[in-house]
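The number in my numbering is simply the position in the sequence shown, starting from 1, with 1 added.
Simulated from the structure, these hints should not be mistaken for lab results. Every residue gets a Cβ at the ideal spot worked out from N, C-alpha and C, and that includes glycine. Just to be clear, a hint being listed does not mean it is correct.
[What the hints assert, rightly or not] Distance ranges between label pairs, derived from CB positions:
| no. | residue 1 | residue 2 | range |
| --- | --- | --- | --- |
| 1 | S475 | G427 | 20 to 26 Å |
| 2 | L112 | D174 | 34 to 40 Å |
| 3 | K358 | D273 | 18 to 24 Å |
| 4 | A318 | A460 | 39 to 45 Å |
| 5 | V211 | N261 | 31 to 37 Å |
| 6 | N472 | H545 | 22 to 28 Å |
| 7 | N472 | H417 | 40 to 46 Å |
| 8 | G491 | L253 | 51 to 57 Å |
| 9 | E222 | G114 | 55 to 61 Å |
| 10 | H417 | E266 | 40 to 46 Å |
| 11 | A178 | R275 | 29 to 35 Å |
| 12 | R563 | S475 | 34 to 40 Å |
| 13 | E214 | E440 | 53 to 59 Å |
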Amino acid sequence: MAEKPREEVETISRRKHFWYVIYFSASLWGCFGLVVSLIFPNKAVNVSISVYRLSLVFGFLMGAGILGFVFGIALHRWIIVSKTEKPAKEVPFSRIARYGKWLFGWRGQVLGGLVALPFLAWGYLEPVYLRSVVFGRIAGLDVSRPQNIKRWTLRKMQPVPEAVPILIEILDDERYAGVRPEIVRALASTRDPRAVKPLLKMIDPDQSIVVLESAENSLREFMGPGFIEPLIEMAGYPDYHVQRNKVVELLLDYEHPDLNKRLRESFERNNDERHRCQVLWILYHRKGRELSDYFFSVFRNDKSLKVRFDAAGFLAALKDERVFDPLVESLKASGETVEKTYERYYAVRVLGELGDKRAVRPLISLLDKKLSHSTRNAAIESLGLLKAPEAVLPLRKLFRKKVGFNKEETESYIRHSCVNAYHSIGGKEAALALMEAIEIYNCSVFERDVTLLAEHCGAKAVPLLISTLDNTGSRMVRSAAAKALGEIGGGRAVKSLMRAAKNVTPFGPMRQPIEALGKIGNPEAVEALFDLVNKPGALPPASHYIAILALENIGNFSVVERLIDIYENSALVDDRTRAVVVVNRLMPTGFPTGSYRSDKQERIREIAEMRAWIMKHRNRLAWDAEKRKWYLKEEGNKGTREQGNK
2 MAEKPREEVE
12 TISRRKHFWY
22 VIYFSASLWG
32 CFGLVVSLIF
42 PNKAVNVSIS
52 VYRLSLVFGF
62 LMGAGILGFV
72 FGIALHRWII
82 VSKTEKPAKE
92 VPFSRIARYG
102 KWLFGWRGQV
112 LGGLVALPFL
122 AWGYLEPVYL
132 RSVVFGRIAG
142 LDVSRPQNIK
152 RWTLRKMQPV
162 PEAVPILIEI
172 LDDERYAGVR
182 PEIVRALAST
192 RDPRAVKPLL
202 KMIDPDQSIV
212 VLESAENSLR
222 EFMGPGFIEP
232 LIEMAGYPDY
242 HVQRNKVVEL
252 LLDYEHPDLN
262 KRLRESFERN
272 NDERHRCQVL
282 WILYHRKGRE
292 LSDYFFSVFR
302 NDKSLKVRFD
312 AAGFLAALKD
322 ERVFDPLVES
332 LKASGETVEK
342 TYERYYAVRV
352 LGELGDKRAV
362 RPLISLLDKK
372 LSHSTRNAAI
382 ESLGLLKAPE
392 AVLPLRKLFR
402 KKVGFNKEET
412 ESYIRHSCVN
422 AYHSIGGKEA
432 ALALMEAIEI
442 YNCSVFERDV
452 TLLAEHCGAK
462 AVPLLISTLD
472 NTGSRMVRSA
482 AAKALGEIGG
492 GRAVKSLMRA
502 AKNVTPFGPM
512 RQPIEALGKI
522 GNPEAVEALF
532 DLVNKPGALP
542 PASHYIAILA
552 LENIGNFSVV
562 ERLIDIYENS
572 ALVDDRTRAV
582 VVVNRLMPTG
592 FPTGSYRSDK
602 QERIREIAEM
612 RAWIMKHRNR
622 LAWDAEKRKW
632 YLKEEGNKGT
642 REQGNK
């Protein structure tokens with residue numbers, strides 16, 4: 002029986018078979034490494050953003066090459082053992098080796114280039130598209146990632162809606178403080194309405210200043226039409242006033258043709274009173290005067306009392322007189338229900354803001370009625386806003402009452418409101434009423450009280466101002482009283498000012514009593530100042546210098562002569578220069594200053610020459626001083642006449 006012809010098997014050298022198998026294995030593992038590398042972002046955060054890659058391609062290719070070499074050796078030996086019985090130089094040309102040879106040829110090189118080109122383009126894709134199949138999250142933002150990888154991933158992230166839920170989820174749980182600003186910015190860049198509430202939550206005093214500023218800047222930078230509805234809905238609801246203010250600020254600054262329309266639609270649609278009042282406030286500050294008709298319709302037709310009178314307040318700020326008659330009718334409404342009480346209260350406040358003088362008599366009539374303490378207080382404040390002098394007498398009568406008209410009104414409550422009204426009204430009548438309140442009823446004296454009394458009461462207020470300077474504990478009030486006494490006090494205030502000048506408070510001495518003594522300028526005040534200057538340790542250095550300046554400003558010849566005596570006996574190096582400056586400034590003709598050496602004997606000699614020069618020109622200096630006083634007096638009379646003519 003003839004033997005079957007043996008099937009010829011293509012053979013190849015063992016070495017070539019080995020390298021073809023190795024090449025095939027390395028190529029296969031290289032492709033696998035490229036795919037896996039896409040999930041891992043680059044750690045090289047110090048490189049410029051423009052050259053970032055999504056993957057550590059070289060690291061994965063190196064690992065793939067090593068694995069391909071190891072598996073290629075194992076695969077080559079398995080093929081050799083299965084195909085040949087004993088070691089031979091020639092081995093069968095296996096299919097895997099054929100694939101390796103094909104990949105090694107020009108066709109394989111072309112295929113590798115075609116595969117590499119899309120990969121190189123794919124390397125710049127944003128990581129939001131490359132989510133982990135297992136965890137369903139963005140790989141670069143996983144909890145296990147270090148801070149630099151998370152920040153890089155967020156910077157490269159494309160602003161797509163699919164990323165919003167993931168970013169919101171990780172925003173609260175992020176442990177790295179440096180990553181939160183990047184999350185905030187990436188979330189705002191999506192311009193998705195769902196991002197508004199989490200971003201506003203970051204505008205919180207408890208957050209770091211970097212996160213807070215990042216949230217504010219991101220909201221402002223990426224503000225768009227998609228943010229309008231969520232911001233309008235949240236205008237009245239945020240937990241913190243900082244967030245509410247930021248919502249209002251964004252809506253005020255954003256320019257959009259439909260924003261006012263959407264605000265009005267939200268006002269009509271929403272039933273929450275606080276939200277509707279906030280929307281009205283935004284509308285007023287955006288397009289107040291253009292929407293006056295709309296505000297008036299809200300005032301007349303809305304069911305909510307608070308909303309109606311908020312609209313009336315905006316109309317009052319616009320000085321729209323259409324609200325006057327309805328407000329006066331609200332004052333006349335009978336009944337003591339809670340709604341009527343609040344209606345009168347709001348009407349009184351809005352009338353004061355309107356500034357219409359016709360409201361003075363209706364408001365005065367409320368002072369004697371049995372009303373709630375808040376309504377009466379609002380009436381007093383409104384009379385002050387209207388600056389009506391005819392309201393001073395009714396307020397004085399109300400001030401003299403022992404207690405209020407009901408249990409809620411105490412004596413101090415009424416009197417405090419009346420005093421505030423006196424200041425708002427101003428004028429002589431209000432000042433006299435204020436002086437009565439302080440003298441008879443021992444009301445507290447404040448800085449503004451002193452100013453009003455000194456301006457309108459003149460010499461009548463001097464005893465009260467002296468008492469204030471002696472007995473009041475407030476440094477600011479005492480300073481104001483000393484300043485006023487310097488203008489109107491005269492000789493009666495010298496002793497009190499002297500005591501105040503010597504009194505050193507925990508914050509140091511007061512300069513106003515010393516300056517006031519200089520302004521009074523009578524012999525008693527001059528002696529008081531010299532007593533302070535000559536007595537060692539009577540004043541601190543700063544106050545001592547102020548007293549010297551006060552004496553110089555008096556401009557009297559005898560005062561200057563005594564000052565030069567003080568300079569002559571002083572141990573201070575600069576006193577000679579100071580004396581020359583005083584003479585040159587106060588006397589009509591100058592005095593040759595000579596040299597400015599610091600030698601003590603030279604100083605004393607020059608001061609002696611100065612005193613001799615002063616004695617020589619004594620009569621002329623006295624005449625010039627009298628002439629200067631007459632000139633200043635005439636100038637003052639001239640200014641008074643001109644003011645009276647005006």
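Okay, the hints, checked on the actual structure:
1. S475 x G427: 20 to 26 Å: With Cβ atoms ~22 Å apart, the hint holds.
2. L112 x D174: 34 to 40 Å: violated (45 Å)
3. K358 x D273: 18 to 24 Å: Taking Cβ atoms as reference, K358 and D273 lie about 37 Å apart, which means the hint is violated.
4. A318 x A460: 39 to 45 Å: Check passed, 42 Å falls within 39 to 45 Å.
5. V211 x N261: 31 to 37 Å: holds (35 Å)
6. N472 x H545: 22 to 28 Å: Taking Cβ atoms as reference, N472 and H545 lie about 27 Å apart, which means the hint holds.
7. N472 x H417: 40 to 46 Å: The hint (40 to 46 Å, Cβ to Cβ) is violated, given that N472 and H417 are roughly 20 Å apart.
8. G491 x L253: 51 to 57 Å: holds (55 Å)
9. E222 x G114: 55 to 61 Å: Between E222 and G114, where Cβ atoms are some 42 Å apart, the hint is violated.
10. H417 x E266: 40 to 46 Å: For H417 and E266 the Cβ distance comes to about 45 Å; the hint holds.
11. A178 x R275: 29 to 35 Å: About 34 Å separates the Cβ atoms of A178 and R275, which means 29 to 35 Å holds.
12. R563 x S475: 34 to 40 Å: holds (35 Å)
13. E214 x E440: 53 to 59 Å: holds (54 Å)
Violated hints for the displayed structure, listed by number in ascending order: 2, 3, 7 and 9.
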